Amino acid sequence: MNQYELRWPEHFEDDAWEIESKGWFNGLEINFEGRSLRPMFYDPIRLRQDIAEELSNSGFFRERALIVVKCITRQAIEQVVEELAVRGDLSYLFRQDFR
Amino acid sequence: MNGRIYDPLLGRMLLPDVLIPRPGSLQGYNRYTYVLNNPLSLTDPSGWQPAGEVSESIPPDLEFKITEHYRQEMGDALIRNDTEGYDRAKERLRSAEQSFRGLDINNPEPVEEYSEIRDADKPMTAQEHADFESRAAAFKAQTLKQPVKTKAEEIKPSQKDSSGAIQEKLPIVEFKLPGSPSTSQEVKDTDPDSGFAQRIFYRGAKPGEEISFSPGAKDFKTDANSFVKTSHGVSVFDNPESVSSKGRDPFEIVNESVPDTLKFIQRGQDPSHFEIVPAREATLKPEEFAAELEKIKVKL
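Residue numbers (our numbering), protein chains in the order written: chain H, 1 to 99; chain X, 1001 to 1300.
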């Protein structure tokens, strides 16, 4: 069972260009086996910048349900979620109690 | 070279090679040489290994490492208040990105090679070598229409470790508007009266709609005490084209209208992308952040 449902925020397409520039996004809700989860998607550059800043400010960096993709676009995110589902990793992701 | 920059003054690459083109040759382990120090026989249009040689272990994050280096240069230039250096690094970043888009790193092919007819048995003097490299660099700069020459002093001694390798440094790029207090080492080193303080930013609005700085869920994060973090904020760009190319109308921000409670930081893969964030940690709740952003005016 790898059926899942993606719920994109309203007006995502309007903001997509800005979100890609920002390099992070946590507005996608994934529904899977009766549970929902909002992963934190990062691109590598923004992730490194944020890690550096968090280490400087608070000494540590943590992010729940972190998924790193090459760029923050709808296509890239949908591809990686599908890949996770096919591999069975979506089950693993949802086994974690992130809520 | 498409990938790395060769400095004819130094006779060396300015970036260490991430490939070992010929593991059996000691020259292959000198990460700053050009074509195994054999320019008469080999050329290196990719900047990573002699033409025609394909390494079996090209790192998948090659593009990331190179572009990261230029982002680091941009950050260093900002810290030095070196506007020209910032623009140079930004241009190099764009050139590198363009090069990677046009170069299949798994199948590097010569683009257009520079060659001279010489007596192969006659060894080349250091001066002849340098002259040859200069002519080759000028030729490539002309044919590839991208910058090849770079000042050696742009790599600061502090960036190199004892082995000469350039140290990794994460790019934290930020600056303050005039009068704004400093919160980090990067900012403390910044002269608020420098050219960066006068940098112009643009915010986009859908055609026909009013400009808005109202932050949404996609814009900021809060800490454990519900203060807006200084690491995320409302997106702006340092040129109008970055906005208009996305179908938005660019509005120039009036710098004097930006309150001292806010600052600009560069974030993300696009070096033109900045964010307006709280100037200091734990000072603004989301509604206060929104209120401060509302004070920002644009030129109409």
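Incorrect hints may have been included.
[Unchecked claim] Straight line, CA to CA, 30 angstroms or less: simulated BS3-like cross-link-like pairs of lysine-lysine:
#	chain 1	residue 1	chain 2	residue 2
1	X	K1122	X	K1090
2	X	K1221	X	K1122
3	X	K1297	H	K70
4	X	K1090	X	K1218
5	H	K70	X	K1090
6	X	K1221	X	K1065
7	X	K1229	H	K70
8	X	K1246	H	K70
9	X	K1122	H	K70
10	X	K1090	X	K1229
11	X	K1221	H	K70
Quick caveat, the hints were computed from the structure, so don't treat them as lab data.
Please read these numbers as outputs of a predicted model, since none were measured by experiment.
So, going through the hints one by one against the coordinates:
For the suggested pair K1122 (chain X) and K1090 (chain X), the alpha carbons sit about 42 angstroms apart, so the restraint of at most 30 angstroms is broken. Between K1221 (chain X) and K1122 (chain X) the CA atoms are separated by roughly 66 angstroms; this puts the pair beyond 30 angstroms, and the hint is violated. Pair hint K1297 (chain X) plus K70 (chain H) does not hold up; C-alpha atoms about 35 angstroms apart against a cutoff of 30 angstroms. Proximity of K1090 (chain X) to K1218 (chain X) is assessed by CA-CA distance (about 26 angstroms); at most 30 angstroms being required, the pair is judged to hold.
In summary, the hint linking K70 (chain H) to K1090 (chain X) is supported, as the alpha carbons are separated by about 21 angstroms, within the 30 angstroms threshold. Between the alpha carbons of K1221 (chain X) and K1065 (chain X) the distance comes to roughly 28 angstroms, so the proposed pair stays at or under 30 angstroms and holds. Under the criterion of a C-alpha separation no larger than 30 angstroms, the hint pairing K1229 (chain X) with K70 (chain H) is consistent with the structure, at around 24 angstroms. For the hint linking K1246 (chain X) to K70 (chain H), the alpha-carbon distance of about 20 angstroms falls within 30 angstroms, and the restraint holds.
With a C-alpha separation of about 50 angstroms, the suggested pairing of K1122 (chain X) with K70 (chain H) is violated against the 30 angstroms cut-off. Restraint check for K1090 (chain X) and K1229 (chain X): the C-alpha separation of about 27 angstroms stays at or below 30 angstroms, so the hint holds. With a C-alpha separation of about 21 angstroms, the suggested pairing of K1221 (chain X) with K70 (chain H) holds against the 30 angstroms cut-off.
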